[in-house]
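As you go down the protein sequences, you meet chains Y and Z in turn.
If you read the first sequence in our numbering, its first letter stands for residue 1, the second for the next number, and so on.
If you read the second sequence in our numbering, its first letter stands for residue 538, the second for the next number, and so on.
Any given hint could turn out to be false.
Said to hold, decoys possible - So the derived label-pair ranges between C-beta atoms look like this: (1) Z/T859 / Y/K417: 29 to 39 Å; (2) Z/E634 / Y/K137: 43 to 53 Å; (3) Y/S493 / Z/E634: 46 to 56 Å; (4) Z/D787 / Y/Y80: 31 to 41 Å; (5) Z/E541 / Y/Y80: 20 to 30 Å; (6) Z/S617 / Y/E390: 33 to 43 Å; (7) Z/D784 / Y/T209: 27 to 37 Å; (8) Y/E414 / Z/Y613: 27 to 37 Å; (9) Y/V149 / Z/Q774: 27 to 37 Å; (10) Y/L529 / Z/D787: 43 to 53 Å; (11) Z/T859 / Y/T209: 49 to 59 Å.
Claimed, not checked - A partial selection of chain Y residues facing chain Z, derived with a Cβ cut-off under 10 Å: (12) E73; (13) G76; (14) T153; (15) E156; (16) P161; (17) K421; (18) F428; (19) L461; (20) R492.
Since the hints were made in silico from the structure, they are not lab data.
Every residue gets a Cβ at the ideal spot worked out from N, C-alpha and C, and that includes glycine.
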Amino acid sequence: MYNLYFFFSKVTYLSDKQPKRIKQRRDPLGRCSQLRKLKGKGALEARESKDRRRRKMAMDLERVVEQARETFESGGTRSYFWRRSQLRALKDLLHEKEAAICEALKLDLGKHRVEAYRDEIGFLIKSVDHALQNLKKWMKPEKVSVPLVAFPTTSEVVLEPLGVVLIFASWNFPIGLSLEPLIGAISAGNSVVLKPSELASASSKFLATNLPKYLDNKAVSVIEGGPLVGQQLLEQKWDKIFFTGSARIGRIIMTAAAKHLTPVCLELGGKCPAIIDSLSRSRDVKVAINRVAGAKWGFCSGQACIAIDYLLVEEKYAPFLVDLLKEKIKNCYMRPADLTRIVNKQHFQRLREMIEDPLVADTVVHGGSLDQESLYIEPTILLDPPLDSEVMKEEIFGPLLPIITLKKIGDSIEFLKGRPKPLVIYAFTNDEKLKKRIIEETSSGAVTFNDAVIQFALDTLPFGGTGESGFGKYHGRFSFDQFSHRKAVMRRSFCLEFSFRYPPWNERKLQFLRYIYSFNYVGLLLLFLGLKRCSST
Amino acid sequence: MKPEKVSSILTAFPSSSKIVSEPLGVVLIISAWNFPFLLGIDPVIGAIAAGNAVVLKPSESSPATSSLFARILPSYVDSSCIKIVEGSISETTRLLEQKWDKILYTGNAIVARIILAAAAKHLTPVVLELGGKCPVVVDSDIDLKAAARRIVVGKWGTNNGQACIAPDYIITTKSFSPKLVDALKTTLEKFYGKEPMKSEDLSRVVNSNHFSRLTRLLADEKVSGKVIHGGERDEKQLKIAPTLLLDIPDDSLMMQEEIFGPLLPIITVDNLEESFDLINSKPKPLAAYLFTTSKKLKEKFLNSVSAGGMLINDTTLHFTNTNLPFGGVGESGMGSYHGKFSFDAFTHKKGVLHRSFVGEVSARYPPYTPRKQKFLKAVLNGDITDLVLSVFGCLKS
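Excised from the complex, chain Y in its bound form:
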């Protein structure tokens, strides 16, 4: 039985409530036992009703998946023209519904429309354009070379859609993280079922209402709902599951996928560190501060898998850095209208507990104030919180920024070893040796030097994690490949037969095979002409 209730809204069922205990009294007419029977009957009816609803939901889901499969198997999603039409329709949706998307993001997260455009709408338009420009090229079979010994033969790799794919999106970029994988799945010619996060309910509703108006809804469906719906979806057979979210749920999904041997792509998170080296030019320092602050408080208030989680800096440099960050917060990150709020009470509570840990509270050097009603947490800086505190063990996913000081900046490499691999490592430095060490001696999904978050926008770089931060990659061509099967195809001719391929075996045939595998064409020719004797090893 999966426990998907962590991170999601708590749901209580009638069956969880215990019936009240009735005092044992003399009851000649049997009224108490009748009352007990009635109460038991009520609970039973409630359970049966819940089971009926579950069965109905399961049947509805099965029908959706069946239709998606029928559409795929009829060939409805394979043609270039269908894929292009769907991508163009997505682009139309993004242009025509920009205001509605911004409104949904405002309701879900309090996102400013500039942030909404920068991180979701504009980003998606760029991705759709990239897919439209390259789709023909991506769909084309890739010719591969064949060794001369196999003449006459041709070989190629054909990119084939996988079939019916399931996409689970996350709540922090609810439109972006739904549609970016959808672009890849459609480009690759699949049918798709999309399950947006129920924690971003306005965005989920937007997608459920609008995607059917723009896309081929026999091939692309949106299923809304919470953990129960997620569970039921996982019981179906999929040709691929794409998940963005936490490692904990990633494990549940991969375990469910194992039953059907379904390949998965897991886009998880982790604690993304930013190594801040001393920078000699004051202009570089100013830019670095802009980018660090932007990648924390300007990016869904730190609720992002690639947001900067914590900083690593030399202890002598730390006070200077703290002052610069405080200044930056004061100038750019004080207006609540510019800051995304915390998504819900559970996450607010989680972050509150991180700050209110007595050992951590003492390390707050800026911010720390919270407003539960508006789900607002002030941009907060912590200086050297204990490494075994929650704020340094768990992914923060919020506007708290720990700064960990080190004796020398090179110690950051050792610090990172032995810790779970994050989705990104950031480093602000002009030291080429340090950059080389970071690339070669640390491991992460990606590395970005002298900036943060922006690598997300590049379609030429694979986006994905390693270790605890996930596996599989997407964006650009990588999205197309993620949802494709690379089918090897070899075509042979009937002319030119080599008898050494066939039994009965003898030493001469073995010698031919030795020369074949070492591509020794001279030896082959001489052996063929009888000018070379076969050797036995």
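Put chain Z on the given structure of chain Y with help from the hints.
Frame of chain Y; chain Z shown alone:
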């Protein structure tokens, strides 16, 4: 190993990007018994090339090869990071409890599910090289002698049918099947003599479990009377003669399970295009083969049938082209290897972006204004004109 330079985009100007191939770490390779040497060492080649430490668990069903690895490999490779663990189910279970950075498994779909579920606990990515029923569709307008040779060597010349890419069953037309059967019989005699049970060119069945399994397939009453060639068995020597069966029912055991042995059913249809429906009614196989000179049929086959790999006018040979990815889809597996694909299977492709401090764009940061939005729109759309206009405040929203 060389980092791959990739292009950056206007949004990130000025910057340079590359993809660095990084070893995953410590990988586990669980190999199979049918090509025990190959399926042990081939993935190890990829794992080493990608810079990983490796633990290889050879199959206990090929104990001589397993102990050969344990004895001789340490004297050739760096045994501090390339290790052999021998054993069977309990050792494999213990291995699967450990945390790996990748697991590559070659074997069957039942065990694969267990491995995938175990890998899920540690979020370990896997490559699963499984099998399936590899069909061979045979058209009439072909060089029948060459086709028969290629089918026979692909089936019985490849570990006596005990191979994931060996032809599992044939589909041909009713009118052509007598000629095909004759050609197969003639070729079998040419390769293995009149008494194939005495031929030294045929591998035996691996062990008594598999011998019993194959015997059970033959004993299924649904296939009784359908053997048209062979069928002899010698339990003591673990030998089964090359056996042909004609038109066994689809619900027989032999048509529902991967055969993995020297039994070859031939199914006849009226029209070859019916064969695609039959193939698609079964789980996707690791390989699918077609013998034809018809361009139309080739294209239809390639577009209608999904399999790990496909070969026209031959069998099994695609395995040897290291420029082709070797792997399955659906029930036949996930991931691929061979050649560079092996290197990639054991590598993490790390995106590395180098940005300059020059070219700072204040539009990225709050406080947000309509002008910043216009600028961002232009940057994200790659629109130089709009970009310039927005800088000068000339763009309307």
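Results for each hint:
Taking 29 to 39 Å as the suggested C-beta distance range, the pair Z/T859 and Y/K417 conforms, at roughly 35 Å. For Z/E634 and Y/K137, the Cβ-Cβ distance of about 45 Å falls inside the hinted range of 43 to 53 Å, so the restraint holds. Evaluation of the 46 to 56 Å hint for Y/S493 and Z/E634 yields a pass: the beta carbon distance comes to about 51 Å. The given range of 31 to 41 Å is respected by Z/D787 and Y/Y80, whose C-beta atoms sit roughly 35 Å from each other.
For Z/E541 paired with Y/Y80, a C-beta distance near 28 Å keeps the hint of 20 to 30 Å intact. For Z/S617 and Y/E390, the Cβ-Cβ distance of about 38 Å falls inside the hinted range of 33 to 43 Å, so the restraint holds. Between Z/D784 and Y/T209, the C-beta spacing of about 54 Å breaks the proposed range 27 to 37 Å. Distance hint check for Y/E414 and Z/Y613: the Cβ-Cβ separation is about 34 Å, which falls inside the suggested range of 27 to 37 Å.
At about 36 Å, the CB distance of Y/V149 to Z/Q774 agrees with the hint of 27 to 37 Å. For Y/L529 paired with Z/D787, a C-beta distance near 51 Å keeps the hint of 43 to 53 Å intact. Separation of Z/T859 from Y/T209 is about 50 Å and conforms to the stated range, judged on CB atoms against 49 to 59 Å. Satisfaction of the interface hint for Y/E73 is found here, the shortest Cβ-Cβ separation to chain Z being roughly 8 Å, below the 10 Å cut-off.
At its closest, the beta carbon of Y/G76 sits 14 Å from a beta carbon of chain Z; the interface hint therefore is violated under the 10 Å criterion. The beta carbon of Y/T153 is positioned within 10 Å of a beta carbon in chain Z (closest approach about 8 Å), and the interface hint is therefore held. Taken as an interface hint, Y/E156 checks out: its beta carbon lies about 9 Å from the nearest beta carbon of chain Z, inside 10 Å. Against a cut-off of 10 Å between C-beta atoms, the interface hint on Y/P161 holds, since the closest Cβ of chain Z lies about 9 Å away.
For Y/K421, the interface hint holds, the least distance from its beta-carbon to any beta-carbon of chain Z being 9 Å, beneath 10 Å. Because the beta carbon of Y/F428 sits about 9 Å from the nearest beta carbon in chain Z, less than 10 Å, this interface hint is met. Residue-level restraint check for Y/L461 holds (minimum Cβ-Cβ distance to chain Z is 3 Å; threshold 10 Å). For Y/R492, the interface hint holds, since its Cβ comes within 10 Å of a Cβ in chain Z; the closest pair sits about 4 Å apart.
In terms of the numbered hints stated before, the structure departs from hints 7 and 13, listed from lowest to highest.
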